[in-house]
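> Numbering (full-length UniProt numbering), first residue to last: 1 to 306.
Derived by calculation from the structure, the hints in this document are not laboratory data. Fair warning: there could be bad hints in the mix.
Below, in silico cross-link-like pairs of lysine to aspartate or glutamate (DMTMM-like), each with a Cα-Cα straight-line distance of 25 Å or less [claimed, not checked]: (1) Lys76 with Asp216; (2) Lys301 with Asp85; (3) Lys179 with Asp34.
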Amino acid sequence: MPSTRKKRKVSDLTVDDANALLRTLAEFQEQLDDEDEDLPTGLISGLEQLRKKLEVIPHTPFSKADALTLLQVKIKTAPLLLSLDVMSDIRNLGVSTRAPGRELSMDSLRELIELVKRHVSLVTEAGCRILINMILLRVVSAMSTDKMDVNIIPEFPIAKTTFSGSHSFGGVVDLLLTKLPSRYTRYLLLDPTSALGNPEAIDGPTTSNFFEAKRDNVRAAIPQAVIAVASHCAQHGIPVLRGCTTSGEQWIFFVYVTNQNGGGRVACSDEFSLGEQLEGLPLILGLLTDWVDHATQYDQKFFTCK
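Working from the sequences, and respecting the hints, build out all of it.
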């Protein structure tokens with residue numbers, strides 16, 4: 001006897017049903033060989049058409065996120081206040097090294113920064129990234145040892161992530177600083193997306209800090225950086241993650257915390273400047289070192305936050 005159960009249309013699917021079907025379709029398509037001669041004609045294009053119909057949730061690139069976006073996904077903001085009595089400790093941390101003789105020296109770093117300022121146009125984000133890279137090279141070289149390495153990962157992609165069943169985000173993070181056991185460095189650098197997408201393959205602690213480059217008004221870049229961090233946390237079950245927005249000259253530090261009941265909160269610091277004579281460089285290096293060491297920890301050594 002034929003079934004009398006009413007068949008559902010694509011338009012009848014709930015958001016959760018559509019997302020579940022989208023994930024199944026994506027997994028199925030990944031396993032298909034596009035050059036397989038046995039594939040039915042039009043199968044791939046048909047699957048693509050179905051996928052587009054199912055994408056009922058508006059998708060927003062990280063770069064389009066703003067302060068209103070944070071409110072829409074229930075992420076609240078708070079100040080991250082620097083404790084003035086620890087300033088000398090931070091500067092000392094910034095000029096220290098864990099691999100004497102192998103790090104980019106402070107003198108060499110200052111010379112490189114002066115060269116960049118003298119010969120590189122910093123009116124674009126591409127120019128700013130050259131300055132940012134010089135500073136981060138000092139951090140990774142000073143923190144790396146025979147047992148633990150810190151590496152720079154540019155242009156790290158993050159898959160689409162849905163928040164509250166009604167907002168989808170995805171895109172590329174400008175830079176990651178990733179700390180992991182040294183024996184896995186080559187594995188990470190050859191294929192960062194696969195390595196960080198499957199952390200179980202790495203035997204030992206692996207953490208990353210997220211960095212968003214902005215030519216000017218680095219505070220305006222906080223929402224897109226926070227949404228990227230929140231997406232990564234949601235995908236990998238990470239409750240806390242630290243990040244930074246920077247122009248190379250100006251630096252803002254933040255820590256994101258996931259709420260168990262949805263949404264999250266982010267605490268952001270004031271802006272810290274290199275200064276005309278690079279007088280702010282040791283402080284920034286010290287904060288960056290602390291950020292890498294405590295990438296997934298909420299408790300602060302140099303800041304206070306609620």
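> Indicate, hint by hint, whether the structure satisfies it.
Verification of the hints:
Our distance criterion of 25 Å between C-alpha atoms is met by Lys76 and Asp216, whose separation comes to about 24 Å. Among the hinted pairs, Lys301 with Asp85 is consistent with the structure: their alpha-carbon atoms are about 11 Å apart, no more than 25 Å. Only pairs whose Cα atoms come within 25 Å are accepted, and Lys179 paired with Asp34 is rejected, the gap being roughly 37 Å.
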